[in-house]
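Colleague: The primary structure of each chain is shown beneath.
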Amino acid sequence: MTHVLDPGTLEAGTRPAPGSGAPFDDVTRSDAALRAFLHGLPGVDQVGAEQRAATLGTRSIKTTAKAWAIDTAISMVDLTTLEGADTPGKVRSLAAKARRPDPADPTAPAVAAVCVYGDLAGVAVEALEGSGVHVAAVATAFPSSRASREVKLADVRDAVGNGADEIDMVIDRGAFLSGRYLEVFEEIVAVRQECGDAHLKVILETGELFTYDNARRASWLAMLAGADFVKTSTGKISPAATLPVCLVMLEAVRDFRAATGRQVGVKPAGGIRTTKDAVKHLVLVNETVGADWLSPDWFRFGASSLLNDLLLQRQKLRTGHYSGPDHVSID
Amino acid sequence: MSQLFEYAPAPESRSIVDVAPSYGLFVDGEFVDGSGESMKTVNPATEEVLSEIAVGTEADVDRAVKAARRAFTRVWGPMRPADRGKYLFRIARILQERAREFAVLESLDNGKPIRESRDVDVPLAAAHFFYHAGWADKLGHAGLGPDPRPHGVAGQVIPWNFPLLMLAWKVAPALATGNTVVLKPAETTPLTALLFAEVCRQADLPPGVVNIVTGAGDTGRAVVEHEDVDKVAFTGSTEVGRSIARAVAGTRKVLTLELGGKAANIVFDDAPIDQAVEGIVRGIFFNQGHVCCAGSRLLVQESVHDEVIASLQRRIGSLRVGDPLDKNTDIGAINSADQLARIRELSDIGEAEGAHRWQPACELPDRGFWFPPTVFTDVSPAHRIARDEVFGPVLSVLTFRTPDEAVAKANNTTYGLSAGIWTEKGSRILAIADRLRAGVVWANTFNQFDPTSPFGGYKQSGYGREGGRHGLAAYLKESS
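As given, the protein sequences belong to chains S and D, one line each in that order.
Going by the UniProt record's numbering, the residue at position 230 of the first sequence is 230; the numbering climbs one at a time, nothing skipped.
Going by the UniProt record's numbering, the residue at position 139 of the second sequence is 139; the numbering climbs one at a time, nothing skipped.
These are calculated hints, taken from the structure and not from any lab test.
Treat the hints with caution; some may be incorrect.
[To be verified] Taking lysine-lysine and the DSSO-like style, the derived pairs with C-alpha atoms no more than 27 Å apart in a straight line are:
#  : chain 1 : residue 1 : chain 2 : residue 2
1  : S       : LYS90     : S       : LYS236
2  : D       : LYS40     : D       : LYS86
3  : S       : LYS66     : D       : LYS327
4  : D       : LYS459    : D       : LYS409
5  : D       : LYS477    : D       : LYS138
6  : D       : LYS459    : D       : LYS477
7  : S       : LYS62     : S       : LYS316
8  : D       : LYS327    : S       : LYS316
9  : S       : LYS276    : D       : LYS327
10 : S       : LYS62     : D       : LYS327
11 : D       : LYS477    : D       : LYS66
12 : D       : LYS253    : D       : LYS459
One chain only, chain S, in its complex shape (with noise of 0.2 Å):
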């Protein structure tokens, strides 16, 4: 199994290329052994995960600890706008907002990164310049992957040459659920090694894998490909992120890790729109992975709406009294 391994085999923070002698190696060697190794993970039961989800989720977490989740919250947040109508003009508002969120409070953090289509992420290198904010785009025929690899490579190639230095790519779950693991496998190689220096977020899509054992075997298998993230979802599709399907995930990496010592972050996106939502998700990290992952370099929120509640939550700690929307900026 795999949580025994030795943590020690390779050095940590580490970013091994597939065919360095890492670990598991072997393991992607072969359709066979790749699936022989994902079915061999221990199984998920699904009444515990949620259940053990739904208890983390009664944590109270009040006075400093909210303050302190409500800025860590909006420190992580991937400000996202992924629609057929966005302009430039959307996401240099897009772009003034992740650098300053409370545009009466300059204590309030900016935001991680802007997420927008690989069209747009010149735009948004632009309007961030300076700024420490990344410029995260979305790629390989975002929302649906289908389309052929040399598509979706010169879709990764064109948003790199934009200036993201984040690529969200979506994985071929037509692919995964038909159990032709090593072909995923084998594309999220191929698109990091377009990703250059860009970080690589690997969108699993887990609605659409519908089963926890699909989750954590997904992870797994964008593991081993060398993803620098783990995310949930387009935001395209329904159930998006959950708690128990961050959980699984969180599973994951902390095993991931355990066994070769390299860290890997997740980030939840789609369906988080309170703050509520978003620190039962930071209570998750806390008691699941621990403080490691209690950053913006190992933890994100990919989110639109979000942001503005946490502004107002936010408000409402400092002043005691709950304002309303118009005292936070619309997108």
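Given the coordinates of chain S, assemble chain D onto it according to the supplied hints.
Modeller: Below, chain D alone, put in the same frame as chain S:
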């Protein structure tokens, strides 16, 4: 675990409960003074005295039984079953309405975390009344003949680990089947039973249907041995259960006993490991391990032993031990100094016998009764911590290699209350469950309770069932 994300204290307010400086007995619908001494009930988390409680004497018990008899013959027995059901529904609703009050009071008096009293004890207690309310006018369909009859007066003695819930397990089926009740709550946790007495008044329950006589062992003995009691129900230690069985032997009284346990929680190598670890934690640390059906013996397949123990220790490291009223507390206080002494004694014996003790680094409060979550590895089936019921947050880990060995070790106990099986293989669950001599067998879960599901033991874990259709049989005479 993490120093980065410190949860600020989130205490549930005590102001919702109003604990009187002293309480009498609840007899014939009234609070009356006891004729004997009084005792103190303390908050085990702080050792603060909460209230003075009357200790019921034989004379007090006699008054209570007489009141119960009167209520049985004049009111409750003759009442239309559907009307009895209405009273039970009413009690259930009041329990829900006053849920927070009950939860806070339970945590104060017992030491259990508010998260559990709020999310488990009180909702389940209400559920038991709802469930049995539905049975009240359908007893002819319980498989006990067309017109099963109640026994009469039920004398009930309950333990301190789930004071309100055990009250519900006893009182709800007794009332639904037309019996009346004299109940003796545990010495250290009488407060929620006394609040329940208030609920009986609020629900306009006819006087004498429920009588609550507080006290210690002597009071309990008086209830059990009273000659006009028709039915005795006891939940508690095997030792006391045995003496009750002796006292009742040769009388016309009907008896059910729900006693101790030393449950095996069996983890196979194909188990869903993360959920199994959760189940192990829930099995032994739920309610500080003060659970008769606690999964106190972990039987883990040798091939995953190291992996499971490492995961378990990491998980235990994240348990939050402390103020029972804090909404984020996972493990509260040990119920009494006596119980703490017993847990310490058995743990020391475990170490002396050669088992390896592991406890996470955790700070315990200065006052009150506390014991950290504890895991013993290298435990042999011959060790006392593998045989005696500790009734505390102490887990003994044993290993096995084959399914046969797992079954043999699981059944190698004088008890037989519950067991757990963890495997992703459905056929194995069925095959193993068939061979376990335990009243309740959980598969891929642990410590799940439901009023529809019968609960009870084999061997020295007692006899009779509580809950479900089977539980009704304990309170009814079969008709032909």
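Colleague: Does each hint fit the structure? Answer for all of them.
Modeller: Against the structure, the hints:
1. The hinted pair formed by LYS90 of chain S and LYS236 of chain S meets the criterion: a straight-line CA distance of about 19 Å does not exceed 27 Å.
2. A C-alpha spacing of about 36 Å is found between LYS40 of chain D and LYS86 of chain D, which places the hinted pair above 27 Å, so the restraint is violated.
3. For the proposed pair LYS66 of chain S and LYS327 of chain D, the alpha carbon gap of about 15 Å is at most 27 Å, so the pair holds.
4. Restraint check for LYS459 of chain D and LYS409 of chain D: satisfied, since their Cα atoms lie roughly 16 Å apart, inside the 27 Å limit.
5. Of the supplied pair hints, the one linking LYS477 of chain D and LYS138 of chain D holds, its CA atoms being roughly 15 Å apart against a limit of 27 Å.
6. A C-alpha spacing of about 24 Å is found between LYS459 of chain D and LYS477 of chain D, which places the hinted pair at or below 27 Å, so the restraint holds.
7. With a CA separation close to 12 Å, the supplied pair LYS62 of chain S and LYS316 of chain S stays within the 27 Å bound.
8. With a C-alpha separation of about 22 Å, the suggested pairing of LYS327 of chain D with LYS316 of chain S holds against the 27 Å cut-off.
9. Between LYS276 of chain S and LYS327 of chain D the CA atoms are separated by roughly 16 Å; this keeps the pair inside 27 Å, and the hint holds.
10. Distance restraint check for LYS62 of chain S and LYS327 of chain D: the Cα-Cα separation of roughly 11 Å lies within the 27 Å cut-off, and the hinted pair is therefore satisfied.
11. Simply put, LYS477 of chain D and LYS66 of chain D have alpha-carbon atoms about 21 Å apart, close enough for the 27 Å limit, and the pair holds.
12. The hinted pair formed by LYS253 of chain D and LYS459 of chain D meets the criterion: a straight-line CA distance of about 21 Å does not exceed 27 Å.
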